[in-house]
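A.B. asks: Listed below are the residues making up each chain.
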Amino acid sequence: MPEDYLPILIYFLIAVGFALAGIATSHLLSFLFVRRRAAKDKLIPYESGMLPQGPARRRFHVQFYLVAVLFILFDIEIVFLFPWAVVFRELQILGLIEMGLFILVLFLGLIYVWKKGALEWE
Amino acid sequence: MSQNAARTETMVLNMGPHHPSTHGVLRLILELDGEVVVKATPDIGYLHTGIEKTAESLNYTGAISLWDRVDYLAPLSNNLGFVLAVEKLLDIANIPPRAQCLRVLLVELQRIASHLVWLGTQAIDIGAVSVFLYCFREREQIIDIFEMVSGARMMTSYIRVGGLAQDIPEGFEKKVRDFIRTFPKRIDEYETLLTQNQIWRDRTVGIGKLSAEEAIDLGVTGPILRGSGLNWDIRKSHPYSSYEQFEFEVPLGQNGDVYDRYLCRIREMRESLKIVEQALNRLPKGPVIIDDRKIVPPPREELATSMEAVIHHFKIYTEGFKPPVGEVYVSIEGPRGELGFFVVSDGSAQPYRVRVRPPSFINLQALPRMLQGRLLADVVACIASIDIVLGEVDR
Amino acid sequence: MELLSPLVPILIIVIKSGVAIFALVTAFAYAVWIERRVMARMQSRIGPNRAGPFGLLQPLADAVKVLLKEEIIPQDAKVPIYLLAPAVSLVPALLSFAVVPIGPEIEILGQKITLYLADLNVGVLYVFALASVGVYGIVLAGWSSGSKYSFLGALRSSAQMLSYELPLGLSVVGALMLAGTLSLVQLVEAQKNAWFILLQPLGFLIFIVSAVAEVNRAPFDLPEAETELVAGYHTEYTSIKWAFFYMAEYINMIVVSSIAVTLFFGGWQGPFFPPAVWYFLKVAAFIFLFIWLRATLPRLRYDRLMQFGWKILLPLSLVNIIATAAIMVWQG
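Chains as they are written, first to last, in this note's numbering: chain A, 136 to 257; chain B, 253 to 647; chain C, 36 to 367.
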């Protein structure tokens, strides 16, 4: 039902307009009314009052990638679960067995990941 | 790809001097692998004020006011430490009992006040914001008492060579009794919020461990040392200012982690309260300062009638007193640990050299050891558990 | 007039959108005010009470202050991303409110008006999808600022939000099974007889814990743990851009409270008062809960937080689904 999404589209456009207008207004106001003291040091990224050592964007810990990958796996599980949940009353026992197996497999997967130490942060 | 590239590179992160949880202007250079601290290097000196050098150009009475500013969370303890050293230099042994008793009372109140700031900051560093405000509410009561006796809330300079600056005012006892009555309930309140709180225990138990041997090797004193299970308290081992007459226990920890230090300090507050109550109950009558006109200025009313008093007054305030040539070291148990004063006299009215042994400067040495291999979040818990005062670290 | 009639529904939508944004921004402003006042009371302080009666104009004063702050763009920033990240954070927060039903249909000027913007047949999914998009704002902000504290905060934040989205999504499945729909409007109607909190207590518990983590509120406010990471991903932001992150956080809090009310507490349904009032009261109760938690609890450590999500909440929510399904089958 694409027409259901029309309000969302309009709302989206207005929301984006609001956000962009906010940022633009603030820049304008800042330009017009705020006394600026041009100082190069002011633009240095914050690092507790010292000069930053080395770049800020750099490789980070592999654990974060792991979380992202695991998230995708389990998020797809959720995507499968939602439609199943909606029609569960009609599926009854068959739905329970099918989804029970599906969840069991993922549960085993979680235990595997757990035992492998992918959930530890050290 | 070389083998080297497969490793995560470490990130050097400056924590402080301008950081919300470095308790002033401590700078830590952290080498992080992910969020794990590989190496932590404290960098101090951002609050250096040259206080020890300044003391060399003031007379002994004037110098008292400097030590308020060294450890601004425990000014009275610092007053006492310096005054005891000067008294030893002058060989004064007959401090009036009332003065001694009041000194103990006030210094123990000061210990509670200092521990309250520590508890508040430790709590806020771990995220328990409310405890911070509760602690400051109670500290306010103590500071009001200090204001009552000395006129100043923080920089009291109340303890003088030979006794106290003046006697306590009326209403002092009631105020202290009010505090003694209400405070145990407040400590219970803090403990309800924290001691058995699972999140609090998660954040503190097993964090920043320091074994007894390590603690001794690093020269750590005070609640950190006692948290590691070593019974060392100068009030017990070398009693000063009539501490031997008071009954109190020295709380000890076992594991030397942040949690044990927390428990030690909480129990120390309860013990200090006991001492305050004992001191108040036995408070003797009599003068609060010795009657030696060469050291102590004459009472105000004598100035109108006695020429000799005027001369003494003039001499003491323009020149000060001159201790004999010599050097002494006196240490007391400050809220943060062994607070020592080494005073050298060359026979003039100004100290030749004063060297403070500030407990938090030496305790800070233990920080890199505590942080090794811990997470970034533990850094703030460990800094707070050392209870550093940067004024004292840098002097 | 006849010619214009097809435009009337669109006009209504435009007006409703405007009202929704205005209401959310106002709600944000007063949620902050309430938080400051309530926290102050809990901490034996007074809180803001200077601007207007009871400090009620404080949000306005803050808005003016924030708008007139100098805009600073750090030298290492990736400028377009840096500028747009606050919007990327705010817009999904605003959008996810579109499917929340505040009340049943009402009639104004002969027009039937629904008290929600859209009744999607995938309403719940839509909310979760937008929650995922919201993570982008934070990651981009932290990455584009060019500051280590922002970067660490953004990493933490994204990992945390991803991890807690799983139990959050799984915890509502039980309620969806009971209702047999993904539409929030129909979910409210399904709770005519019994609120789902009674049938799904475990599901609700998992939901509320994950929700606190998902919107980065204490005790899970690690991305902006100010004692460790200063201000986290928005360390380098000033002025309205900073306020947008703040706004996104509070609007997310309001949306998550709304979802909790809609899924577990019967939405706008309740006796005596009009529906919208019930909705408002229930959401306010949740916001109070959020504030209460913040005033009471210390902050979790990051590794414990992640382990709590993956090792406790995730298995628990799976168990909850299977248990719900088994009971439903058993009862026929």
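Everything labelled a hint here was simulated from the structure, so no lab data went into it.
Mixed in with the good hints, there may be bad ones.
As the list claims (entries may be wrong) - Computed far set for chain B versus chain A, every beta-carbon distance over 12 angstroms:
(1) Arg-279
(2) Ser-317
(3) Met-406
(4) His-490
(5) Tyr-604
What the hints assert, rightly or not - In the DSBU-like style, the derived pairs of lysine-lysine whose C-alpha atoms are separated by at most 30 angstroms in a straight line are:
(6) Lys-461/B x Lys-346/C
(7) Lys-251/A x Lys-461/B
(8) Lys-250/A x Lys-104/C
(9) Lys-537/B x Lys-251/A
Here the structure is a predicted model, which means the values were calculated and not measured.
Glycine included, each C-beta is placed from N, C-alpha and C at the ideal position.
A.B. asks: Could you run down the list of hints and mark each one as holding or not?
C.D. replies: Hint check results:
For Arg-279/B, the requirement that its beta carbon stay farther than 12 angstroms from each beta carbon of chain A is not met, with the minimum near 7 angstroms. Every Cβ of chain A is farther than 12 angstroms from the Cβ of Ser-317/B; the closest lies at roughly 30 angstroms, confirming the non-interface assignment. Remark: the non-interface label on Met-406/B is consistent with the geometry, its nearest Cβ contact in chain A lying 26 angstroms away (cut-off 12 angstroms). At the 12 angstroms boundary, the C-beta of His-490/B stays outside the reach of chain A, the nearest C-beta of that chain being 40 angstroms off.
In this structure Tyr-604/B is separated from chain A by more than 12 angstroms, as the shortest Cβ-Cβ distance comes to about 37 angstroms. Note on Lys-461/B and Lys-346/C: the hinted pairing holds, with a Cα-Cα distance of about 27 angstroms set against a maximum of 30 angstroms. Among the hinted pairs, Lys-251/A with Lys-461/B is consistent with the structure: their alpha-carbon atoms are about 28 angstroms apart, no more than 30 angstroms. Taking the CA atoms of Lys-250/A and Lys-104/C, the gap is about 51 angstroms. The hint is violated against a cut of 30 angstroms.
This hinted pair does not check out: Lys-537/B and Lys-251/A have alpha carbons roughly 73 angstroms apart, beyond 30 angstroms.
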